[in-house]
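Visitor: One letter stands for each residue in the lines below.
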Amino acid sequence: KAGVTQTPRYLIKTRGQQVTLSCSPISGHRSVSWYQQTPGQGLQFLFEYFSETQRNKGNFPGRFSGRQFSNSRSEMNVSTLELGDSALYLCASSLGGYNTEAFFGQGTRLTVV
Amino acid sequence: AQSVTQLGSHVSVSEGALVLLRCNYSSSVPPYLFWYVQYPNQGLQLLLKYTSAATLVKGINGFEAEFKKSETSFHLTKPSAHMSDAAEYFCAVSDPTNAGKSTFGDGTTLTVKP
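Protein chains in written order, with my numbering: chain H, 15 to 127; chain V, 214 to 327.
By construction, these hints were calculated from the structure, which means they are not laboratory data.
Quantities reported herein were computed from a predicted structural model and do not represent experimental measurements.
Yeah, the Cβ is synthetic: ideal placement off N, Cα and C, and Gly gets one too.
Treat each hint with caution, since some may be false.
Per label pair, the in silico range of CB-to-CB distance [stated by the list, open to error]:
#, chain 1, residue 1, chain 2, residue 2, range
1, H, 34, V, 282, 38 to 48 Å
2, V, 221, H, 52, 11 to 21 Å
3, V, 227, H, 67, 43 to 53 Å
All chains should be modelled from the sequences, with the hints used to inform the complete structure.
Guide: What follows is the structure, encoded as structure tokens:
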């Protein structure tokens with residue numbers, strides 16, 4: 015069974031640009047969550063999509079957005095990039111229930127210069 | 214609202230020594246608790262989970278955790294540390310009233326000395 019795939023693995027962008035990250039979940043998983051991980055802030059929850067609907071949202075500005083397609087693949091978009099957006103962005107998929115574990119991708123390392 | 218506190222951002226043990234990573238949770242309803250491990254430049258991987266079936270939960274790589282309701286704790290232990298255990302460990306709580314939302318602790322970095 016293929017795991018969670020995130021693309022690209024590494025990305026370098028300039029301040030003010032926008033970026034789109036992609037996540038392909040495990041087959042059969044309908045929930046996809048996104049996290050931002052930085053050394054100072056730890057693992058911060060961005061949002062969760064379930065069956066193409068945003069079901070949960072963290073405390074991030076509107077520059078961070080996402081969507082989920084009918085095949086459960088998800089994209090995350092960050093507009094008007096800031097230096098502080100440099101982080102490891104992790105995607106996790108699950109069956110979607112509260113007692114199911116999350117399966118994480120290897121992440122996308124975004125560097126904003 | 215659920216919350217998780219991991220005591221100690223860094224823990225160092227000698228190879229062969231006991232590993233104890235602490236996690237306390239706050240929850241208004243019976244929680245579902247998880248421990249994940251993250252190796253450098255990798256995503257998180259599930260070590261074990263508590264879902265109320267048994268208070269002592271055994272996971273992969275020789276790790277186990279005990280759920281103690283009276284202490285609101287879910288500490289992770291391993292009797293004998295191995296060099297390959299060096300990683301960052303995260304405790305997480307899942308909200309039964311809000312499916313799909315998990316809250317993670319700040320993580321504990323485990324160093325294993327030879």
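Visitor: So, for every hint listed, does it hold in this structure?
Guide: Here is how each hint holds up against the structure:
no., hint, verdict
1, 34(H) with 282(V): 38 to 48 Å, "holds (44 Å)"
2, 221(V) with 52(H): 11 to 21 Å, "holds (20 Å)"
3, 227(V) with 67(H): 43 to 53 Å, "holds (49 Å)"
Going through the hint list in order, the structure satisfies each hint without exception.
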